[in-house]
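Chains as they are written, first to last, in my numbering: chain A, 1 to 314; chain B, 1001 to 1428; chain C, 2001 to 2222.
Be careful, since some hints might not be right.
To be verified - Short, incomplete list of chain C residues facing chain A, as computed with Cβ under 7 Å:
#, residue
1, R2060
2, A2153
3, T2158
4, F2187
5, Q2188
As the list claims (entries may be wrong) - Capping the alpha-carbon separation at 20 Å, the derived lysine to any residue pairs in SDA-like fashion look like this:
#, chain 1, residue 1, chain 2, residue 2
6, A, K162, C, F2187
7, B, K1187, B, S1416
8, B, K1187, B, K1413
9, A, K25, B, G1035
10, A, K222, B, A1058
11, A, K25, B, V1399
12, A, K148, B, A1311
13, A, K73, A, P96
14, A, K68, A, Q57
15, A, K148, B, N1312
16, A, K25, B, A1058
17, A, K58, A, Q188
18, A, K80, A, P226
19, B, K1413, B, L1184
20, A, K25, B, Q1270
21, A, K162, C, A2183
22, C, K2085, C, D2125
23, A, K222, B, R1062
24, A, K58, B, L1134
25, B, K1413, B, T1256
26, B, K1182, B, L1280
27, A, K148, B, G1310
28, A, K299, A, T179
29, A, K162, C, A2191
30, C, K2181, A, P270
Think of the hints as simulated: they come from the structure by calculation, not from any bench. Each residue gets a CB set at the ideal place from its N, CA and C atoms; glycine is no exception.
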Amino acid sequence: MNNLNSMPELPILNDQPTGRRSFLKACGATLGLAAWATALRPLTEWTEDLNVDEFLQKHYRELTADQKQAVFKRLEAETKENYGADVHITDSQPIPGVQFAYALNLSICIGCRKCAEACHIENNHDRTTNNSYIRVFEMQMGGIDFEKGNATYDHPVPQPGKFYMPVQCQQCENPPCVTACPIEATWQEDDGIVVVDYNWCIGCRYCEAACPYHARRFNWEKPEIPAEEINPQQGYLSNRIRPQGVMEKCTFCLHRTREGRMPACLEACPTGARVFGNVLDPDSEIRWVIENKRTFVLKEELGTKPRFYYFFDE
Amino acid sequence: MTSTPAAAAAPGIQRDAIRSYPGFLWKALGVATNGTWLFYGWMTLLTAIALVGANAWAVQVRDGMIVTNMSDHVSWGLYIANFTFCVGLAAGGVMMVIPAYLYDDEEMHGLVIIGEAVAVAAIIMSTLSVVVDLGRPDRFWHLIPGIGKFNWPMSMLTWDIIVLNGYLVINLHIVGYLLYMKYLGRKPNPNWYVPFVFLSIIWAISIHTVTAFLYCGLGGRPFWNTSLLAPRFLASAFVSGPAFILLVLRVLRMTTGWQWSPRPAQTLIQIIRVAMSINLLMLASELFTLFYTGSGHAAAARYLFFGSHGANGLVAWIWTAIALNLIGTVLFFQPAALERSWLRIAACLCCIVGIWIEKGMGLVIPGFIPSTLHEVVEYAPSMTEWKITTGILAFGLLVLTLLVKLIAAVELKQISQPKGSGTTEAQA
Amino acid sequence: MDRESHTNSGPFLLVLAVLLVLQGCSEPIDNSVESVAANSTLEPLFATVIREPPVPHGVRAVAPNGEEVSLQCNACHSVRAHNLKSASAVDLDEFHQGMHYQHGSLTCVSCHQPDDGYSSLRLADGTSIAFFESIQLCGQCHGPQLRDYEHGAHGGMTGYWDLTRGGRERNHCLHCHDAHKPAYADFQPVAPPRDRFAPANHHAESSEAFHATSGLGDSHHE
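With the hints as extra help, turn the sequences into a complete structure.
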C-alpha cells in the first residue's frame, strides 16, 4: 500500500522545459567545478611540501617517546632537504625543582642590541626580516613611557638622557597567550617557560593579540637561512627552524637553559645587565637581585605575573 | 501498515517524510538553479568574484601570509574585521524572530525565515573569514573537539567556534524544517521548531556577545578592554542585520511574485531607530571616557580619530563611518523611511557600510595601533586581502541567493510534494 | 696606552675563580658582603673564571734604533723621581702622551704603587696588589658595583647558570671600563629590526632609511 520503493523524482530531468535547460545546467556545473579547480591550483603546489606524517602528527604532549624520536628524525631530514644543513633536534625536559626567572638591569643596559642579535643567530630566525624575540627600546629618562620609546634607533649608544629597555617574552606565570589559544598549541611548562608546538599551531594569531608585551612573532613566510648559518643544536620546542604560518616566541633558550647553560641573550650582553637563574634556589643570583634590588615588572596591573624583572641601580 | 488506517497514519507520515526528503533536496536544487538571465548573470558574477577570492587564498596558503599587509604589530586585519561584521549580521537576523515569536506578529511570522536565511549565509561568511585568516588551514582538524585539542572553556575562541556552529545548525534546522513542511503541504509541528526558535534568540545574542568577549577579554589591548564592547556590538548588529534584511526583502519583492504588507519592514525600521540611537549613545559615552580622562588608554582612539605621530591611516575610515551612521540614522528617522521609498534603501546602505567600517577597520585594527609597546605601525589591506574578502562576501551572497530563491519557490508553491505519493498515499 | 700588566705573560684566563669572587671565601676581594653560595646542594661546583682584561702589557715607546718596543713600568720609574701630584698625562713631557684621563679627582698614585716602580697597584691603605686584581681596587670607591658584580648582577658572563653542570667565564671591569676614562664610550649598536612596516613614532633621524624601503602598499608578492 505504501509506495516506499518509489524513487524521488528528478526535477532537473522531469521539470519543464527539461532537456535543454538541464543540459546547460550540467555544462555550467562542470565548467564551474573546473574553474574552482583552476582557482585553487596553487594549493597543490603547496601540498607538495607537506606529508601525511606531518598532517597526522599528534600534539607534542601526546607523543610517546618512540613517536617523538620518529618526529625528530623526520624534522632533521626535512631540514637537510629544505635547508641543506645537518641538524640535531633535542627534547630537553624541565629540571625538577627549577623555575626560571630573568632580571634586567636598566642602569647598565647600553642599548647595543647584542642580545637581539644573539637571539637572531641562536634561534635560527629568518634572515630577511632580521627577526629577533627581543626588541630594545630607547627610552626617555624621567619615566617608563613606551609612548616616547623608539625601537628602531640607529645612532651611537648610549645617548645622554636615554635609557634602554630590551623587551622579550616575560614568561608570565599567568600567560594570556596560553589562555587565548583555542587548541592548546601553546602552554606553560613546569619550569615556567611558555612554549609553542610549531607542528600543532594553526596560525590564528589570537595569542599575538592577547600578549601585552609584543613577545610573539608569526612566520609570515617560510624562514630563509643559509645552511652555513644554521645553528645545528636545536630544540623541538625552541629554536628549530619554524614552518611557515605558525607562531613562535622566546623560550629562554630552553635547549640551553635546561642543560644548565645561560640563555644566548645573556651571554651576548657585554655589560652584564642580564641576570638569569633558578628562582627556587635561595642562593642564586636571580634571587639576590629580586630580594635586594627594587625590581618591577612590566604592566603589573594586568595580573600576568611576569617572570621577567627590571631594575635600576640605586 | 495492515492495521487500522488511523493507527498507521502517524508513523507512516514520519517515515514517508524521511523518505521523500532527498526528493525535496533534489527539487530544491533544481528550483534554486532555475531562473531568468538576470539571475544567471548575477550568479555568474558572484561565482567569478568568489573564484578570484579562492585563487588569491590558494596563493596566500602557498606563499604565506606575507601576501597580506598584516604584521607582528597589526596581526589581524581585514579578514577578522569582516568576520566581526558578519557575526553581527547573523545576530541581527534575530530581530525578525523576536517580534514574530515573542510578540506574535503574524505578518512577521511569514517572513521570519528570510532573517534565518540571512543568518545562515552570514555565519558561512564569518566562518570563511576565520579560515582564510589561519596560517595553517591544513591543521583545521586540531580544532575539532575529540580529535584535536579543544581549549574549552578557557579560550574565548573555542566558545566562538561553538556558538557560531551551533547557531548555524539551529538556523539550518529551522529553515530546513519549515520549508520542508511547507513543501509537504503540512502544518509544522511546533514541538519540532518553536523550542529551537527560542533557543536561536538566546543564541543570536550569544554569538555576538562571545565575539565581543574575544576582544574585550584581552587586558593587553586597552582599546578593546571595555565592558561596553558587547552591548555596542549587539546594538550595531541590531542595525546592520535588519538593514540588510530590508534590502533582501526589497530585492525579493521586486524579483518574485511574493507580496506582503509594509508592516514587517516598518517594525524592522522601528527596531533600527532604537538600536542605532543606543549604538551612537554608547559610542559617545565610550569616546567621552577615553578623551576626557585623556589617559594612555586613549592612544588608540587618538590615532583612530585624529592620527598620531604623523600616522593617520584610519582617520578617513572612521569619519566616513561616523558620517554614514549619522546620515543613515537621520534618514531612518524620516517618515518616508516607513514607506517603500528609495530613501529607505539609502538609509540601509549608509548604516550597513557605516557599521562595517565601525566594527572592522574602526575597531579591530585600532586595537593593534599603537602596539602593546606603543609602536605606531599602520595597516592597510593588501590587494590579496581585498580579493579574498570580496570573494567571501560574494560566496555568502551566492548562498543567500540560492536560499532565498528556494524559500520564495516553496512559499509561492512552485515546488511541492507531488500528489499521489508520500503523505497522501500514506493516509490512503 | 700606558698600562702595564703583571710581569709573567700568564695564562689567557686568570683563574681568580669562584673561590675569590663568588664563593665568599676569605680572599681579599670578598670583604664586604655575606657569603654567597652558587648552589644550595653540596654537589661540587665548577669554577667561575675571570677573563684576562684586554690591556697592553707595558708602555709603547720608540727605542733609539727606531724600533717600537713595549717597556715595563719600572724600566723608567725605578730610576726616576716620583711626582706624587701628577694627575694627568698633559703635565708630562715624555711617555704616556695622548693618554686621556677622566676619572674624578684621582692622581696617578691614587691607584698606581710608586713604592715598587709602578709595577703594581696600590690600595687606599697602601697595600700593593697585582694589576689583574684591580677589581678590588675599583671596588674601593665603586662599592655597589662590586657588590653587584659579586652577585652576578653586573658585568658580562658566559657559561652555566647551574654551576653543578659547568663553569662560567666572567668579564673583568676593564673589559668595559678604561681605568683612566671609565665612562662607557659611545658606539654604533647592532642594526635595528627590519620591520616590514616601520613604526611611525620613532625618531626622525632613524626613520628615513626604513620608510624608504617599506611603507604601506602591496607586498612584494603582488
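Right, here's what the structure says about each hint:
Here the hint on R2060/C is broken, as its CB sits about 26 Å from the closest CB of chain A, past 7 Å. Hint status for A2153/C: holds, given a least beta-carbon distance of 5 Å to chain A, under 7 Å. Among the interface hints, the one on T2158/C holds; its C-beta lies about 4 Å from the nearest C-beta in chain A, closer than the 7 Å criterion. Interface hint at F2187/C: satisfied, since its Cβ lies 6 Å from the closest Cβ of chain A, which is below the 7 Å cut-off.
Interface hint status for Q2188/C: upheld, as the beta-carbon distance to the closest one in chain A is roughly 6 Å, under 7 Å. For the suggested pair K162/A and F2187/C, the alpha carbons sit about 14 Å apart, so the restraint of at most 20 Å is met. Annotation: proposed proximity of K1187/B to S1416/B holds, straight-line Cα distance about 13 Å (limit 20 Å). Pair hint K1187/B plus K1413/B holds up; C-alpha atoms about 14 Å apart against a cutoff of 20 Å.
Distance check on the hinted pair: K25/A and G1035/B sit about 11 Å apart at the alpha-carbon level, within 20 Å; holds. This hinted pair checks out: K222/A and A1058/B have alpha carbons roughly 16 Å apart, not beyond 20 Å. Pair hint K25/A plus V1399/B holds up; C-alpha atoms about 17 Å apart against a cutoff of 20 Å. Restraint check for K148/A and A1311/B: the C-alpha separation of about 15 Å stays at or below 20 Å, so the hint holds.
With a C-alpha separation of about 27 Å, the suggested pairing of K73/A with P96/A is violated against the 20 Å cut-off. Of the pairs offered as hints, the one joining K68/A and Q57/A holds, with about 10 Å between alpha carbons and a cut-off of 20 Å not exceeded. A threshold of 20 Å between alpha carbons decides the hint, and for K148/A with N1312/B the separation of about 18 Å falls inside it, so the pair holds. A hinted pair counts as satisfied when its Cα atoms are at most 20 Å apart, and K25/A with A1058/B does not qualify at roughly 27 Å.
Distance restraint check for K58/A and Q188/A: the Cα-Cα separation of roughly 18 Å lies within the 20 Å cut-off, and the hinted pair is therefore satisfied. For the proposed pair K80/A and P226/A, the alpha carbon gap of about 12 Å is at most 20 Å, so the pair holds. For the given pair, K1413/B sits about 10 Å from L1184/B by alpha-carbon distance, which is consistent with the 20 Å threshold. Of the supplied pair hints, the one linking K25/A and Q1270/B is violated, its CA atoms being roughly 43 Å apart against a limit of 20 Å.
A threshold of 20 Å between alpha carbons decides the hint, and for K162/A with A2183/C the separation of about 15 Å falls inside it, so the pair holds. With a C-alpha separation of about 18 Å, the suggested pair K2085/C and D2125/C falls inside the 20 Å cut-off, and the hint holds. A threshold of 20 Å between alpha carbons decides the hint, and for K222/A with R1062/B the separation of about 10 Å falls inside it, so the pair holds. Distance check on the hinted pair: K58/A and L1134/B sit about 19 Å apart at the alpha-carbon level, within 20 Å; holds.
Only pairs whose Cα atoms come within 20 Å are accepted, and K1413/B paired with T1256/B is accepted, the gap being roughly 12 Å. Under the criterion of a C-alpha separation no larger than 20 Å, the hint pairing K1182/B with L1280/B is inconsistent with the structure, at around 41 Å. Taking the CA atoms of K148/A and G1310/B, the gap is about 14 Å. The hint holds against a cut of 20 Å. At roughly 18 Å between alpha-carbon atoms, K299/A and T179/A fall within 20 Å of each other, so this suggested pair holds.
Restraint check: the Cα-Cα separation between K162/A and A2191/C comes to about 18 Å, which is no more than 20 Å; the hinted pair holds. About 18 Å separates the Cα atoms of K2181/C and P270/A, which keeps this hinted pair within 20 Å; it holds.
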